[in-house]
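Protein chains in written order, with the working numbering: chain A, 219 to 511; chain R, 219 to 511; chain C, 219 to 511; chain W, 219 to 511.
Derived from the structure by calculation, the hints contain no laboratory data. Mixed in with the good hints there might be a few duds.
Only pairs whose alpha carbons sit at most 27 angstroms apart, straight line, appear in this in silico DSSO-like list of lysine-lysine [stated by the list, open to error]:
| no. | chain 1 | residue 1 | chain 2 | residue 2 |
| --- | --- | --- | --- | --- |
| 1 | W | Lys-499 | W | Lys-430 |
| 2 | W | Lys-504 | C | Lys-479 |
| 3 | C | Lys-494 | W | Lys-479 |
| 4 | A | Lys-499 | A | Lys-287 |
| 5 | R | Lys-494 | W | Lys-506 |
| 6 | W | Lys-499 | C | Lys-470 |
| 7 | W | Lys-504 | W | Lys-287 |
| 8 | W | Lys-470 | C | Lys-504 |
| 9 | A | Lys-479 | A | Lys-430 |
| 10 | C | Lys-470 | A | Lys-494 |
| 11 | A | Lys-479 | C | Lys-470 |
| 12 | A | Lys-479 | R | Lys-506 |
| 13 | R | Lys-479 | W | Lys-506 |
| 14 | C | Lys-323 | A | Lys-494 |
| 15 | A | Lys-323 | A | Lys-506 |
| 16 | A | Lys-430 | A | Lys-323 |
| 17 | A | Lys-499 | C | Lys-470 |
| 18 | R | Lys-499 | A | Lys-479 |
| 19 | W | Lys-504 | C | Lys-470 |
| 20 | R | Lys-323 | R | Lys-506 |
| 21 | W | Lys-479 | W | Lys-323 |
| 22 | A | Lys-470 | A | Lys-430 |
| 23 | R | Lys-430 | A | Lys-504 |
| 24 | W | Lys-479 | R | Lys-470 |
| 25 | W | Lys-499 | C | Lys-479 |
| 26 | W | Lys-494 | C | Lys-470 |
| 27 | A | Lys-323 | C | Lys-470 |
| 28 | A | Lys-479 | W | Lys-479 |
| 29 | A | Lys-470 | W | Lys-470 |
| 30 | W | Lys-506 | C | Lys-470 |
| 31 | A | Lys-506 | R | Lys-470 |
Here is what each chain is made of, one letter per residue.
Protein chains: 4
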Amino acid sequence: MEMGNTTPSHNNAVILMHCPDQPGIIAVITEFINTNGGNILYLDQYVDRVNGIFYMRVEWDLEKFIIPKEKINDYFFTLYAQRYNMVYRLSFTDRPQRMALFVSKMSHCLYDILARYTAGDWEVEIPLIVSNHPDLAHVGEQFGIPFEVIPVNRDNKAEMEAREFELLERYGIDFIVLARYMQVLSEEFINRYPNRIINIHHSFLPAFVGAKPYHAAYERGVKLIGATSHYVTTELDAGPIIEQDIVRITHKDTVANLVHKGRDLEKIVLSRAVEKHIQRKILTYKNKTIVFS
Amino acid sequence: MEMGNTTPSHNNAVILMHCPDQPGIIAVITEFINTNGGNILYLDQYVDRVNGIFYMRVEWDLEKFIIPKEKINDYFFTLYAQRYNMVYRLSFTDRPQRMALFVSKMSHCLYDILARYTAGDWEVEIPLIVSNHPDLAHVGEQFGIPFEVIPVNRDNKAEMEAREFELLERYGIDFIVLARYMQVLSEEFINRYPNRIINIHHSFLPAFVGAKPYHAAYERGVKLIGATSHYVTTELDAGPIIEQDIVRITHKDTVANLVHKGRDLEKIVLSRAVEKHIQRKILTYKNKTIVFS
Amino acid sequence: MEMGNTTPSHNNAVILMHCPDQPGIIAVITEFINTNGGNILYLDQYVDRVNGIFYMRVEWDLEKFIIPKEKINDYFFTLYAQRYNMVYRLSFTDRPQRMALFVSKMSHCLYDILARYTAGDWEVEIPLIVSNHPDLAHVGEQFGIPFEVIPVNRDNKAEMEAREFELLERYGIDFIVLARYMQVLSEEFINRYPNRIINIHHSFLPAFVGAKPYHAAYERGVKLIGATSHYVTTELDAGPIIEQDIVRITHKDTVANLVHKGRDLEKIVLSRAVEKHIQRKILTYKNKTIVFS
Amino acid sequence: MEMGNTTPSHNNAVILMHCPDQPGIIAVITEFINTNGGNILYLDQYVDRVNGIFYMRVEWDLEKFIIPKEKINDYFFTLYAQRYNMVYRLSFTDRPQRMALFVSKMSHCLYDILARYTAGDWEVEIPLIVSNHPDLAHVGEQFGIPFEVIPVNRDNKAEMEAREFELLERYGIDFIVLARYMQVLSEEFINRYPNRIINIHHSFLPAFVGAKPYHAAYERGVKLIGATSHYVTTELDAGPIIEQDIVRITHKDTVANLVHKGRDLEKIVLSRAVEKHIQRKILTYKNKTIVFS
Chain A
219 MEMGNTTPSH NNAVILMHCP DQPGIIAVIT EFINTNGGNI LYLDQYVDRV NGIFYMRVEW
279 DLEKFIIPKE KINDYFFTLY AQRYNMVYRL SFTDRPQRMA LFVSKMSHCL YDILARYTAG
339 DWEVEIPLIV SNHPDLAHVG EQFGIPFEVI PVNRDNKAEM EAREFELLER YGIDFIVLAR
399 YMQVLSEEFI NRYPNRIINI HHSFLPAFVG AKPYHAAYER GVKLIGATSH YVTTELDAGP
459 IIEQDIVRIT HKDTVANLVH KGRDLEKIVL SRAVEKHIQR KILTYKNKTI VFS
Chain R
219 MEMGNTTPSH NNAVILMHCP DQPGIIAVIT EFINTNGGNI LYLDQYVDRV NGIFYMRVEW
279 DLEKFIIPKE KINDYFFTLY AQRYNMVYRL SFTDRPQRMA LFVSKMSHCL YDILARYTAG
339 DWEVEIPLIV SNHPDLAHVG EQFGIPFEVI PVNRDNKAEM EAREFELLER YGIDFIVLAR
399 YMQVLSEEFI NRYPNRIINI HHSFLPAFVG AKPYHAAYER GVKLIGATSH YVTTELDAGP
459 IIEQDIVRIT HKDTVANLVH KGRDLEKIVL SRAVEKHIQR KILTYKNKTI VFS
Chain C
219 MEMGNTTPSH NNAVILMHCP DQPGIIAVIT EFINTNGGNI LYLDQYVDRV NGIFYMRVEW
279 DLEKFIIPKE KINDYFFTLY AQRYNMVYRL SFTDRPQRMA LFVSKMSHCL YDILARYTAG
339 DWEVEIPLIV SNHPDLAHVG EQFGIPFEVI PVNRDNKAEM EAREFELLER YGIDFIVLAR
399 YMQVLSEEFI NRYPNRIINI HHSFLPAFVG AKPYHAAYER GVKLIGATSH YVTTELDAGP
459 IIEQDIVRIT HKDTVANLVH KGRDLEKIVL SRAVEKHIQR KILTYKNKTI VFS
Chain W
219 MEMGNTTPSH NNAVILMHCP DQPGIIAVIT EFINTNGGNI LYLDQYVDRV NGIFYMRVEW
279 DLEKFIIPKE KINDYFFTLY AQRYNMVYRL SFTDRPQRMA LFVSKMSHCL YDILARYTAG
339 DWEVEIPLIV SNHPDLAHVG EQFGIPFEVI PVNRDNKAEM EAREFELLER YGIDFIVLAR
399 YMQVLSEEFI NRYPNRIINI HHSFLPAFVG AKPYHAAYER GVKLIGATSH YVTTELDAGP
459 IIEQDIVRIT HKDTVANLVH KGRDLEKIVL SRAVEKHIQR KILTYKNKTI VFS
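Modelling step: build the complete structure from the supplied sequences, incorporating the hints.
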C-alpha cells in the first residue's frame, strides 16, 4: 500500500518573511519575482501598524524562473533581506516535509492524522511514530509506519531523549507533532526544534494550563470547553497559539463527557494546525503566530 | 409611551428545586400538581449522578388549582420539601420581576437590553438605571427610565452604596444587571443579593480574570475571544457561570478591534443570561449553574 | 487485535416512546419502574404543546428488576402502551447493535468511524463494510473487517441489492450507515430499514439537495457551508434530520477548498448522529427527530 | 444630543478594483501611491485563479499626496484603469456616507443599528428612517431622526416609491438598509441603487427563500437556523451574499422560539454587513461578494 501524497510535488519556492515596515517592499519583491520569470501563485501580506512590522508570504512557480534554485537564497539575501532587515525563510515544495508523531495511549489524534495522510490530503511524509507506551503499536502496524517505544519518564529523560534524537536524525525529521503525548519535553529537546514542535492542549488556553484541564473545567462550571494547538516553547502550555476552537457543554456533562466531547475538538484543532504548518503558512513573532489564509 | 411587556401575566407557579436524589420524586411532585387540578406547562429535571443530586423545574397553571396561591408554599414545604430535604424556590408569574441596570460609560449592553424591553420580549420591569458616571443619562431619557448618578469610587463606597441600597429598596428591585458597570461591589452589597446580581465579563473565564482582558488576550495571541455572564460573588469574576460564547479573531486584530468585536459578544451573552434569569430557569449549586432549556 | 467495545455490556432496559399528552404519564411509568425494583439511570421527557404529544426516553438497571426481561414488553404493552396510545420501542443494552458501513471512494467518514470503534468509544459491533468500488478495500483489511464489493449501478440495482440484503441478513445487521456512499438506494431497500439507515449529505439541507452541493454552494457564493446527517427516506435528501453543522468559508475558497473543508464537517456530523443512534436517543415523528441529550 | 460619529474624518482615498489578473499590478499601483507621497494604510488583494481575476482594496493617507484629490480619478483612470481593464471605485473617507433605514414593525435590527450609530461605532450618517407602518415612529423620536411613513402596498407601489425617491434624493442618501422591511422593492427602485441596498433575510439562504422562513425551517425539522444579509437584486433573495450566520436549535423549539432566537442572529448579521459596506470593504463580481478583512 502506497502511503501519503507522494506524487511529484510542484516545483515552487515559498518565502515567509517579516521586517520593519516601509513603503515599497511588496513592489520590489513582486518585481524581483516577475522580472526573473517567476509566476506568483500566492501572495498575502499584512502590516502590523501598532508595532510597524511587515509580514508576507509569497509562493511562485520556478519552472521559468531564470535564477537557479540553489542560488535564490543568495540573491534574495543580498538584494533584499539585508537591505530591509528581513527575517525570512525560503523553502521549496518539491520535497515533502517529514513529520514524526509522538503519542501516548489515546488514539484519536493519531488516527485523524493518519487518515488524512493515507488519503493523500497532505503533502507530507510520516516515516516515524514515537511513543512512551506500547499501547498504540497496532496503529503503526495498520498503517505500515515504524512505531518506536521509548519509555521515557522523569528519571531517564536525558538518556531516552538521546535515543529520540538519534531516531529523529535517522529518519530525517523536519518537525514533530505531539498527538496527545503525555510527557514534558526537556529544554534541550525543545531548543533543537524551534517552532517545529506542535502540541495540542485540551483546554482553551490560557485557561486551565497544565494537567487535567477537563477536571478543572468541570470544577469551574464553564459552558464551553476548548482545545488549543501551539508551538512548544520551554514554558509549559505558553508557546505561540496556532489554532483554537470550542464546543458547547451543559450542566449535564460529567468529566467523562467532557473528555469524550473534547476528543473531536482536539483532533480537528490539531489537524488544522498541522495542515497550516505543512503548507508553510505560519510565521511566528514575539510568541504569537501570523497564520496566512 | 408604555414600556415593557405589561400585558396581564399568566397566572402560573414555578418551583425550582434540588435535593438528594431518590426514587419517586418526580412522581410525587407531578401527582401533587395533577391531583390538585394544576396543569403542568413545563417540567424539566436532571439528576447529577456523580454527586447524587436531583434538580427540577416545574411550572403549572394555577387557574383550576384547588390549593389557594398563598397556601401553596405551606403545603409544598410540609408535604415534600421537609421529607426530601429540598432546597427550593416557589415563585409566581403574575407579577413581573423588577430589574435595575448598573452602567458606566459604554452603552452597547444597555441599549441591547432596553431594546428587548421596549419591544416587549421579556416579562420584566426596568424602573431604574444606576451609573457611576453621567455619560449615559441621555439613554435613560430616551427610554423614559429614571437614571440615577451615584459617583461611587474606592473611597466613598460605603456611603454611595447606602444610597444605592435606598434606591433599590424604593424601586422594589428584585435583581440587578451589571451592564458593563466598571466598579467592584462591596461584600455587603453582594451578600444582599445572592444569585441576584448578573455581571458580564469580557473574557472567556477563567482566562483573563480582572481588568483589561482584551489587552491580555491580545498579548497572549489567542485565536478566539470570549465573554462570560455570571452571578456575582465576593470573589472577583469567580461566581457561577450562566452563559459564555466566543468569536474568532486573527493576527490582524488590534486591541481596538478586539474591543469592537467583543461588544456584540458581550451584549448577546449578557442578554441570554438575563433572559434565563427572568424566566426563572437558573438554579445554582456549589458555584455552578443548572440552566434549564 | 480485538476490535470495538466488547466488554460485557450493562444490563439495562431502554424505552423510547411518544403518545398523546395527558397528565400523569411520567408518574405512572416511573412508578412502574421504581415499584418493581428498577433503578432509573436516565429520564428525559419533552412535551410538544403545539401538537399535544408527549415524548420520553427512560433507561433503568435490570439487575434488581423483578419482572423477567422477556416479559417486560408484555407488561408494558398491556399496562401502559394500550392505555395511553403509545408508540414505543423497548430495547436492552446487553447486546451491542450491529452496524454495516456503506462506502464508495472517499475514506474520511470511514476512518473516523473505525477510529472511534477501535478505541472502544461506542457500544456497537461493525462486522461488515459494503462498497460499490474496491478502492477502500485496504481500510477493511487494516481494521480486520470483511469488505464486500457489490458493484451496484442503475441497471443492476435489483440484483445487487438482493446480494446486499443477503449480506445484511447473514451478518445480523441492525442498522446501516452511508459513509459518503454515492448510490441511491431503492425504495425496497429503504422500506426494509425504516429509521435505520443514516446518511450524511454534504450541504446544509434543505439547501443544495442532490448532486454536487459544494459546486452549488460555490456558485451561490454562500459564506458558510454545512453538512447534514439524516435518516434515509424514499424522497431524496428529505428524511428526518438528526444533526447539522457548518463551517465558515470566504471568497478565497475554491470548490476544491470547499470539498477539503467539508470533509471534517461531514465526518463529525455523521459520527455525532451515529453515536446518538447507538445510544438509542433518537425518536422520529412526522419526518422530524427528537434527539435526547 | 449629537448623534453619530461626526468627528472630522480622516482624509484618505480608497480604491476597490478588479481586473483580469496579470503580473505586476500590485507593484505598479503601490508604486503610484508611494512615489506620489501617499502613505498606504491598508492593502489587501486576492487573485481568483479559477477565473483569472485580480481584486484589490488599497487605502492611503492623502495628507502628503501630491496629486490633488479632485484629479486622482483622472490620473488613475488614464494611467492604470484603462491599461489593465479595471473596474474600480475610488472614494474618500472625509465625508461619511449617508444611510437610510427602511423598517416595518419589528424593532430589533433598527435599535441595533441606532445603538451603534449613537455610540459612534460607525463613520456614517443616518438622516432618515422610512417605514410602511407608523408602529416604530417612537424610535425615530427617541433618536431624533426623521421617520417618514410611506404606506406602500402592491397597488400603490409606483406612486409611493416616487415619494421615497424624492426623500432619498432630498436627504442625499448613498445607500439603503432594509432592517426587516417587509415590502418587495420594484425593479426600478433596485436598479437605482445597485449594490447599495442591503437586506437581511431570516434564513440560511438559499434555503427557505421568500415568506415565513422560520415556519418552513420548523416544518423541515432543521437543527440550525440562519440569517443572511445580501445586496438586493431584482431576483427575490438571490442577490450577492455579504454575511451569514446560524444558531443551534432543538426539537423543543416552537416557531415562536425560532422567531425569538432568530432576532439576535438577524441583527448581528445585518450589522456586520452594514459595517463592511460602510468601511468600503465589499466588492461584488458575478453575483458574489469579495469581503476584505
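Verification of the supplied hints:
1. W:Lys-499 <-> W:Lys-430: violated, 31 angstroms
2. W:Lys-504 <-> C:Lys-479: Distance of about 23 angstroms is within 27 angstroms: holds.
3. C:Lys-494 <-> W:Lys-479: With Cα atoms ~25 angstroms apart, C:Lys-494 and W:Lys-479 stay inside 27 angstroms; holds.
4. A:Lys-499 <-> A:Lys-287: holds, 21 angstroms
5. R:Lys-494 <-> W:Lys-506: violated, 39 angstroms
6. W:Lys-499 <-> C:Lys-470: holds, 15 angstroms
7. W:Lys-504 <-> W:Lys-287: Not OK: W:Lys-504 and W:Lys-287 at ~31 angstroms, beyond 27 angstroms, violated.
8. W:Lys-470 <-> C:Lys-504: With Cα atoms ~15 angstroms apart, W:Lys-470 and C:Lys-504 stay inside 27 angstroms; holds.
9. A:Lys-479 <-> A:Lys-430: holds, 15 angstroms
10. C:Lys-470 <-> A:Lys-494: holds, 16 angstroms
11. A:Lys-479 <-> C:Lys-470: violated, 31 angstroms
12. A:Lys-479 <-> R:Lys-506: holds, 20 angstroms
13. R:Lys-479 <-> W:Lys-506: holds, 25 angstroms
14. C:Lys-323 <-> A:Lys-494: Measuring from Cα to Cα gives roughly 26 angstroms; hence the hint holds.
15. A:Lys-323 <-> A:Lys-506: violated, 30 angstroms
16. A:Lys-430 <-> A:Lys-323: This hinted pair holds, its Cα atoms lying about 15 angstroms apart.
17. A:Lys-499 <-> C:Lys-470: Holds, because 15 angstroms separates the two Cα atoms, which is no more than 27 angstroms.
18. R:Lys-499 <-> A:Lys-479: With Cα atoms ~25 angstroms apart, R:Lys-499 and A:Lys-479 stay inside 27 angstroms; holds.
19. W:Lys-504 <-> C:Lys-470: The hint holds at about 15 angstroms.
20. R:Lys-323 <-> R:Lys-506: violated, 30 angstroms
21. W:Lys-479 <-> W:Lys-323: holds, 17 angstroms
22. A:Lys-470 <-> A:Lys-430: holds, 19 angstroms
23. R:Lys-430 <-> A:Lys-504: holds, 20 angstroms
24. W:Lys-479 <-> R:Lys-470: violated, 31 angstroms
25. W:Lys-499 <-> C:Lys-479: holds, 25 angstroms
26. W:Lys-494 <-> C:Lys-470: Distance of about 17 angstroms is within 27 angstroms: holds.
27. A:Lys-323 <-> C:Lys-470: violated, 39 angstroms
28. A:Lys-479 <-> W:Lys-479: Distance of about 25 angstroms is within 27 angstroms: holds.
29. A:Lys-470 <-> W:Lys-470: Satisfied, since the Cα-Cα distance of roughly 17 angstroms is no more than 27 angstroms.
30. W:Lys-506 <-> C:Lys-470: holds, 11 angstroms
31. A:Lys-506 <-> R:Lys-470: holds, 11 angstroms
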